[in-house]
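Colleague: Listed here are the chains, written in short residue letters.
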Amino acid sequence: MQNTRRNLLKFIGGAAAGAVFTPVPWRLITDTALWSENWPGIPRPLRGEVTARYTNCSLCPAGCAVRARCVGGQPVSLAGVAGHPLSRGGLCAFGVAGHHLPYHPARLTQGRVEAAAGALSKAVANCNVEGSRKQLAANLDASKAALMAACNPGESVAVLDLRPGRTASWTYRRAMGAVHNGLYLTAGGPFSGAAANPLAEKARKSWLAGESACPTEAQALAQQRGTDAFVCEPTRGSDRHHDGVSSGPGGVASGGVAVDLTKPRTVLSLGAPVLDGWGTPGNVLAARANFRLIQAEALESRTASLADLWLRIRPGSGSTLALGLAALLDAHIAQAVTVADAAAATGLTEQQIKDLAAELTSHGPALVLPGYDCPEAWALNQLTGAWGETVVARQEAPVPEHWKNCAPVTDLAAVPDGAIRTLIIDESAPGDYVPWNAIRRKLVADNPVVITFGWTPDGYGRHSLFVLPTAVYPETLEDIPAAIDSPAAVFRMAVPLVAAPPGVVNPADFVARAVGIDASNALRERADAIRKAGHGVLFSSADGTSRPAAQVPPDDFWKALLEGACWMDTEGRRSAPPAIDMTGPEARPSEDARLPLVAVLAETALATVPPSPLMTKLHQESNLRLGRSRAALHPETARSCGSAEGGRAVLETSLGRCEILVVVDSSVPPGVVQVAAAPEAIDICGAFARCRVAFL
Amino acid sequence: MISEKKPGKISRYGMSVDIDKCTGCGACMIACAVENNVPPAQEGATDLTGLTWMRVFKVDNGQEYPAKQSVYFPMMCQHCGLETPCYLVCPQQAVDVDPATGIVGQIPGRCLGCRYCMAACPYHARYFNWWDPKWPAGMEKTLNPNVAPRMRGVVEKCNFCHGRWHAAVQRAAEAGLKEIQPGDYVPACVEACPAGAIQFGDLNDPSSAPSKAAKDPQSFRLLVKLGTEPKVYYHSRREWARRIGDPSQAPDGKETSHG
Amino acid sequence: MNFSGKVPILLGVLASLCAGWIGFPRVIYKSRPQPVEFSHPIHARKAGMLCVDCHAPREDGTYAGVPPLSQCAGCHTANLGPTAAEKNFIAEYVKTRREPQWAVYARQPESVWFSHTSHIRIAKLPCERCHGDQASSDQPRPYQEDRISGYSRDIWGYKGANHSRRVGASKDEFMVVPGMKMDDCIDCHRQEGLEHSCLDCHK
Chain D
16 MQNTRRNLLK FIGGAAAGAV FTPVPWRLIT DTALWSENWP GIPRPLRGEV
66 TARYTNCSLC PAGCAVRARC VGGQPVSLAG VAGHPLSRGG LCAFGVAGHH
116 LPYHPARLTQ GRVEAAAGAL SKAVANCNVE GSRKQLAANL DASKAALMAA
166 CNPGESVAVL DLRPGRTASW TYRRAMGAVH NGLYLTAGGP FSGAAANPLA
216 EKARKSWLAG ESACPTEAQA LAQQRGTDAF VCEPTRGSDR HHDGVSSGPG
266 GVASGGVAVD LTKPRTVLSL GAPVLDGWGT PGNVLAARAN FRLIQAEALE
316 SRTASLADLW LRIRPGSGST LALGLAALLD AHIAQAVTVA DAAAATGLTE
366 QQIKDLAAEL TSHGPALVLP GYDCPEAWAL NQLTGAWGET VVARQEAPVP
416 EHWKNCAPVT DLAAVPDGAI RTLIIDESAP GDYVPWNAIR RKLVADNPVV
466 ITFGWTPDGY GRHSLFVLPT AVYPETLEDI PAAIDSPAAV FRMAVPLVAA
516 PPGVVNPADF VARAVGIDAS NALRERADAI RKAGHGVLFS SADGTSRPAA
566 QVPPDDFWKA LLEGACWMDT EGRRSAPPAI DMTGPEARPS EDARLPLVAV
616 LAETALATVP PSPLMTKLHQ ESNLRLGRSR AALHPETARS CGSAEGGRAV
666 LETSLGRCEI LVVVDSSVPP GVVQVAAAPE AIDICGAFAR CRVAFL
Chain R
89 MISEKKPGKI SRYGMSVDID KCTGCGACMI ACAVENNVPP AQEGATDLTG
139 LTWMRVFKVD NGQEYPAKQS VYFPMMCQHC GLETPCYLVC PQQAVDVDPA
189 TGIVGQIPGR CLGCRYCMAA CPYHARYFNW WDPKWPAGME KTLNPNVAPR
239 MRGVVEKCNF CHGRWHAAVQ RAAEAGLKEI QPGDYVPACV EACPAGAIQF
289 GDLNDPSSAP SKAAKDPQSF RLLVKLGTEP KVYYHSRREW ARRIGDPSQA
339 PDGKETSHG
Chain Y
32 MNFSGKVPIL LGVLASLCAG WIGFPRVIYK SRPQPVEFSH PIHARKAGML
82 CVDCHAPRED GTYAGVPPLS QCAGCHTANL GPTAAEKNFI AEYVKTRREP
132 QWAVYARQPE SVWFSHTSHI RIAKLPCERC HGDQASSDQP RPYQEDRISG
182 YSRDIWGYKG ANHSRRVGAS KDEFMVVPGM KMDDCIDCHR QEGLEHSCLD
232 CHK
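Chains as they are written, first to last, in the numbering used here: chain D, 16 to 711; chain R, 89 to 347; chain Y, 32 to 234.
Hints in this document: simulated from the structure, not taken from any laboratory. Just so it is clear, CB atoms sit at the ideal spot from N, CA and C, and this is done for glycine as well. Treat the hints loosely; a few may be bogus.
Claimed, not checked - Here chain Y is said to cover these stretches of chain D; the calculated rule only asks that three of the stretch's residues, wherever they fall, bring their Cβ under 8 Å from a Cβ of chain Y: (1) 18 to 25; (2) 28 to 36; (3) 39 to 52; (4) 60 to 68.
Stated by the list, open to error - Not everything, but these chain Y residues come out facing chain D in the computed CB check (under 8 Å): (5) Pro-173; (6) Asp-177; (7) Ile-179; (8) Ser-180.
Work out the full structure: start from the sequences and follow the hints.
Modeller: Written as structure tokens, this is what we have:
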């Protein structure tokens, strides 16, 4: 055989033909197919034993019971606990994906020190966590003397608790009580510090002046009070301590008011999002069939579209509507406010308002739920006669006696302006966001120190000198205060399902240690006090059983709480709460020709807390909800501003401006801007703000 | 190729959705994404390019206030029982109709991404992976091992959480049973709904909620006249809402948003 | 016919056949040993253990698979025998509490769902049917990994040419263990009349 090219080609041809009869080509085809499926970045889900662990969700005061499906100890999905007496197996969209939060891209893992622009000019931008801890220690030194010395005479150190009612709240009160100029503050929601409504002022004068249908206790209380805002200031050591009702839609900073949804036949909601992020979702939906729901609201919210009757009122007129209804029920208020006033403000007819009043008083017990902008409307329940039945006083779960010697609860609005030198904001547990200007004015003008504890830097971290990272659900061990629709006192904890990263701090412990109090075992002490009180039942999610607390040994009681069990006080402790003043500040948008539109906040549930990244399903990959930094406009309004769908625009109010993305939605009334309630939006909008939208 | 011997018990799994109860909270959408390892949206994804196996729409009756009424409408793969359009058009036989359960399954390993099935589906219930899925760092620990992740370039859709059906089969097998316990197999959206608006069960079992819904005169299905025999029954007391199922009769409503 | 003209062709065919049947299998697989020289016979015969003592189905029907270190450490806190393999194991893994990175022969792609319980409890197949007679293998087979696809050559480790081959009509006449491919599973399913839907085996 010669070495010719022809022979070579024959060899190759033969080899090719022979290759077909070998496994080589067939094997290479299948292997390449398999190789192509090993795409880069393919995640391998964890393998391991599948177990169930129980906890309670701490993303909102509902505190729904959660069953976590864990693979090798890592939670991979969350679901409600069917048959739970409080949450009835319900879990909202945020709770279902709560186990993603530890991995949120916006998570703060290092202390970030940020010199807030404007008033706080001291630049300490290069400090790390250690630096900020030292600075904090310098301000709040372990010795109280040093602590007090950091403030000038007359200035205070304050803790602003955005979710009052927790055991941590008691720790703050004890800490602030241990220093002579310490203040423990709560705030009444997004509209603290709003300007007073002249109509409400008139009504208040009239109510105070004359005999009213309210119990005399209310009268006395109203006369004691010198300010417009809600203040609950029990004297130090008294047993009329603050019940710590969480502020939330309809949550009131004063006196533990709770709602019993099994009682009313009619519910009038003045803008409270009853069916969308209010109370305990499972409980509300279970009770829904028992009452007729009337929603008085400017926009077609979920609750408005699902209510039995939707009364479309003008933005900001909820409080005047409440006063108009009160005028029909109380002669003295009627001297100051008339139904005609209410009709003019709301846009309803007088007959509609009269029918509403009639329905509230003659169709069985009624419940009036105020919205964000009119918390004083709780008092309407006093006039309908349902006070003590649909709205009840709720005691807090028992507390160790020695804790009660502590600072009283002070409402932020009651603090004189410029009085606070050092402010600590606990933003670690999601709560209502208070507009920054309402807080800023209480701080001293020159170089106040603001320290925020949070798990993302996007809330008050934008305005703080120091931001210290905390753990986030489900890494935390903390108790959840009772929800607004829980008439009985409850105690339940969110328990750690995953380990928190190193470097996070526990805010309450941090503050307590700074003043020399050891509060590291506070939750155990609280649980022991509850067990010792001997009443109530313990419901265990793991096996669905309920036992009287008195029959559970103390160690087992604590152990059960660590497995997500819930303690509930038994009936019989219900009573009418102390009467409250009907009149209060109403956030009425003032007229301003330069600002022709009205901004209304929407999507207020968990507005300040970034939810799981999967929430894009709801606002980006579908049109179900309004995403942050987005605002919806009626097509005509959008056109008049020069904006179009998806366009970038600037929302400007008298308090500032922020950038938004415009969404066109014909269900928004003309002249109204529906703004998703993010911190930057609440800062400039408050309840309802006059605004303008300028196309960028 | 498919065995002539029929599977032991023939089920036809279906759903009944009470749209009067649905509050549009979106818990079902999130629970679905958690269960099925659906990634969060990439930057630039919109409602047309996103992955929402379960999607809730808001539909109204076209009137203005005060006559305006709205309803929230959860929408997922209808698991067509007859002449399944996506099954018929797929060039890769990546769609599989399970005779034992009636579930229309999507096999991502076979899919080549031609999207013919997306065009064929009359319910727009199929979604295409325009991007490789990406989870924030650490979040891949929360993936569900019972569901395979997909890569870009393939179509995916609701599969009635058949990973949970597998788990139910295993539990039954461990107890020595060949059939699963009814009630042991519950898809994620059904479990998550706080209002209990979605019910799931075997349409061949007369005592299940979907079977009863099928016979209820206030129930309706979508696009029945196409003959696809969808297995999802919707229910409403309101007549205008029942007409959503037939566009030729539907009120002149537009899809409103941001409720 | 000019035979000499066909010689190059025949040589080509021969070369190709040799390369394909003998050379290729050696090249395509990359062999690596298991991290620990575990001996099944010692545990099965000498220690009298059964398969299910370490590889057990759990209550919910999922399968424990390769046992975690805690299972081994339950007995092997100290040397139980004279072998160097055990000494190494205790020093490197038990004392340091490091999980051995076992190469799992039967690892399938993520899209595959295999239910051990269905095959054990319902089909009543013995472990050896798929995994071979582990009790007789002195040490774990070398793990032969396909260089391109990354999967193992066989379910239990390659030994000679014993691939899946059906040699008779009834299911007892499978002489050797099945391989890793889908067809290998389908063979038996088809025979049992259990081939209905992709969903039976895929997630």
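Colleague: Where does the structure disagree with the numbered hints, that is, which hint numbers, in rising order?
Modeller: 5
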